[in-house]
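Single-letter residue listing:
There are 2 protein chains.
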Amino acid sequence: MGRAALALPSGIGDGMMRIGTLGIVGVGLIGGSIGLAARERGIAQRVIGIGRQTSSLQQALDLGLITEFTTDLVAGGSQADLTVFCTPVDLIGPQVRQLAPHLKPGTILTDAGSTKERIVQAVEGILPQGVAFIGSHPLAGSHRRGPDAAKADLFCNRLTILTPTPTSDPHALATLTEFWQALGSRVQLLDAATHDRALGTTSHLPHAVASALASVLPEAWQPLTATGFRDTTRLAAADPTLWTAIFRENQDAVRDALDRFEAALATFRQLLAHDDADALHQWLTNAKQVRDALGS
Amino acid sequence: MGRAALALPSGIGDGMMRIGTLGIVGVGLIGGSIGLAARERGIAQRVIGIGRQTSSLQQALDLGLITEFTTDLVAGGSQADLTVFCTPVDLIGPQVRQLAPHLKPGTILTDAGSTKERIVQAVEGILPQGVAFIGSHPLAGSHRRGPDAAKADLFCNRLTILTPTPTSDPHALATLTEFWQALGSRVQLLDAATHDRALGTTSHLPHAVASALASVLPEAWQPLTATGFRDTTRLAAADPTLWTAIFRENQDAVRDALDRFEAALATFRQLLAHDDADALHQWLTNAKQVRDALGS
Chain A
7 MGRAALALPS GIGDGMMRIG TLGIVGVGLI GGSIGLAARE RGIAQRVIGI
57 GRQTSSLQQA LDLGLITEFT TDLVAGGSQA DLTVFCTPVD LIGPQVRQLA
107 PHLKPGTILT DAGSTKERIV QAVEGILPQG VAFIGSHPLA GSHRRGPDAA
157 KADLFCNRLT ILTPTPTSDP HALATLTEFW QALGSRVQLL DAATHDRALG
207 TTSHLPHAVA SALASVLPEA WQPLTATGFR DTTRLAAADP TLWTAIFREN
257 QDAVRDALDR FEAALATFRQ LLAHDDADAL HQWLTNAKQV RDALGS
Chain S
7 MGRAALALPS GIGDGMMRIG TLGIVGVGLI GGSIGLAARE RGIAQRVIGI
57 GRQTSSLQQA LDLGLITEFT TDLVAGGSQA DLTVFCTPVD LIGPQVRQLA
107 PHLKPGTILT DAGSTKERIV QAVEGILPQG VAFIGSHPLA GSHRRGPDAA
157 KADLFCNRLT ILTPTPTSDP HALATLTEFW QALGSRVQLL DAATHDRALG
207 TTSHLPHAVA SALASVLPEA WQPLTATGFR DTTRLAAADP TLWTAIFREN
257 QDAVRDALDR FEAALATFRQ LLAHDDADAL HQWLTNAKQV RDALGS
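In order, the protein sequences belong to chains A and S. Heads up, the first sequence is in the working numbering, so the first residue is 7 and it goes up one at a time. Heads up, the second sequence is in the working numbering, so the first residue is 7 and it goes up one at a time.
This is chain A alone, in the form it adopts within the complex (with noise of 0.2 Å):
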């Protein structure tokens, strides 16, 4: 084990990429996804499944998403050269901080949390020597959460942001970009505060809009919803607990995002008062030519 069981591969993408030993804390469908696309890749013989609760590993083992499992984080994560973390974003922090001084040096670290700023800071300046840390978020998911709702192509064509720091090891960046590329992802470097105030916006808020949403809906009126309600509110029935942890992760970008938000439905709300009908198409056609820019 060590830096040489990485085996850095001579070029980036060309599909060579060997990780020794995974390790995975947390095998829901982020984790379980991850363990799946590195077996099926070949990126990895050995993927060590690390949770809380032991059935729920032994159906990640029994789906095949991992090799063996363990509910001992430092006998699990000692033994792994790579290990992503893809719990809770409040778990992140303490969970590295206790398994950082049981690692070898040229152990690399990883989690896929949603928010960034708080995770990185919590990992700074504890790592041992020639152990890396480097934050990373896979724009990927779905409201299914679970072993059971793991799939191989979770990561294909989608984007992964790598948030690195002045001080991160280039090895270790070199090693997750490859990482991530080879289990179908594109890769995003940015900075852990830019990505938080960006996701505020482009996931936090939506989903923040989305229970909102729903939560108006009287039962009465359940029958009279259609696929638009349903679209616009699918974010609704992620996980509450997950959740909550984002939420209060990145609070500020939250609140900016519900700023910018609110001052765009109290636009509304006026031309509608004032019935201006230009007004109204023209705020109408403005949206939509963002969200046709985004695609299907």
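Don't read these hints as lab results, they were simulated from the structure. These numbers were taken from a predicted model, which means no experiment stands behind them. Careful, some of the hints might be misleading.
Some, not all, of what chain A presents toward chain S, calculated at C-beta under 7 Å [as the list claims (entries may be wrong)]:
no.	residue
1	Arg45
2	Val80
3	Cys162
4	Pro212
5	Ala216
6	Ala218
7	Ala220
8	Trp227
9	Gly234
10	Ala243
11	Pro246
12	Leu248
13	Leu264
14	Ala270
15	Lys294
Label pairs and their computed distance ranges (CB to CB) [to be verified]:
no.	chain 1	residue 1	chain 2	residue 2	range
16	S	His280	A	Asp68	36 to 46 Å
17	S	Pro107	A	Asp262	53 to 63 Å
18	S	Asp265	A	Gln257	21 to 31 Å
19	S	Asp265	A	Asp284	20 to 30 Å
20	S	Gln59	A	Gln257	25 to 35 Å
21	S	Asp265	A	Ala180	48 to 58 Å
Where chain A lies over chain S, by a calculated footprint (3+ residues, C-beta under 8 Å) [to be verified]:
no.	region
22	29-35
23	229-239
All residues carry an ideal CB built from backbone N, CA and C; glycine is no exception.
With chain A fixed as given, assemble chain S onto it according to the hints.
For chain S alone, coordinates are given in the frame of chain A:
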């Protein structure tokens, strides 16, 4: 022509529904799908498409959605036993009023508009003896538009709301019920005011929310969106002209729905400001329960 040609079937939903000549005013997604479904299901042999643009009507004819077309509302509508107005909601009332004096007793009119109260009011009392209008709203649609988006199964397993008034002709109501059922739809009766209030929340509010959300996305962050943002904003791609008319026709209900939605967002914002994890989790859980009840 006339009532006899309507050949009212003996039992509702027995698949024997026949319309002599079906008129469709506005042959886009909805109108085109009605024509295609009526032809494929043997409900109407003759389907007259009525519109303004010859090129679009010719396309509908080429696609088999209609069997003939005209740009003259009176010339086309006066030949039909049943005419469905699939034009923007602000045009339906005036078009019905323009056509009505030219209709023979036994003719039935309906529409497919997303608002009902103003349309029903505009039509009430102006119809010749023996001519019936009852509002319809098929809760089926798409952000796609135009004849090439038409699908024969657009109404299958969807709900169509009919909004008869106390003076509506029971024969026309029975015929329209069977007509929508023959197209594959379920049918529910609702008074027009209740329809508009409910749809203000279940359909019009999500459109406003989706557009407001799309409008606050900076161009630089477009690449950082994923399926969540795209789902939540999908409705923003809809036709601004159609939706300007819908919002204006249903201002009061939309404003009421906005009031409740903004109050929900204010609650979320407060829980976030107080960093109240338990209450935030509960708020998200309540929304999730509503969303889960709607199915995928």
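Okay, the hints, checked on the actual structure:
1. Arg45: Status violated, d = 24 Å.
2. Val80: Because about 27 Å separates Val80/A from the closest Cβ in chain S, which is outside the 7 Å limit, the hint is violated.
3. Cys162: Since chain S brings no Cβ nearer than about 13 Å to Cys162/A, farther than 7 Å, the hint is violated.
4. Pro212: Status holds, d = 4 Å.
5. Ala216: Constraint on Ala216/A satisfied, holds at 6 Å.
6. Ala218: 4 Å, holds
7. Ala220: Since the shortest Cβ distance to chain S is 4 Å, the answer is holds.
8. Trp227: Holds - the Cβ of Trp227/A comes within 7 Å of chain S, reaching about 5 Å at its closest.
9. Gly234: For Gly234/A, the interface hint holds, since the closest Cβ of chain S sits about 5 Å away, which is under 7 Å.
10. Ala243: 5 Å, holds
11. Pro246: Since chain S brings a Cβ to about 4 Å from Pro246/A, closer than 7 Å, the hint holds.
12. Leu248: 9 Å, violated
13. Leu264: This interface hint holds because 6 Å falls under the 7 Å limit.
14. Ala270: Cβ of Ala270/A sits 4 Å from chain S, so the hint holds.
15. Lys294: 6 Å, holds
16. His280/S / Asp68/A: 36 to 46 Å: 43 Å, holds
17. Pro107/S / Asp262/A: 53 to 63 Å: 58 Å, holds
18. Asp265/S / Gln257/A: 21 to 31 Å: Given about 25 Å between the Cβ atoms, the range holds.
19. Asp265/S / Asp284/A: 20 to 30 Å: This hint holds: roughly 25 Å between Cβ atoms.
20. Gln59/S / Gln257/A: 25 to 35 Å: 51 Å, violated
21. Asp265/S / Ala180/A: 48 to 58 Å: 53 Å, holds
22. 29-35: violated (count 0)
23. 229-239: Answer holds; 11 residues pass the 8 Å Cβ test.
Figure legend: structure checked against the earlier numbered hints; hints not met, in rising order: 1, 2, 3, 12, 20, 22.
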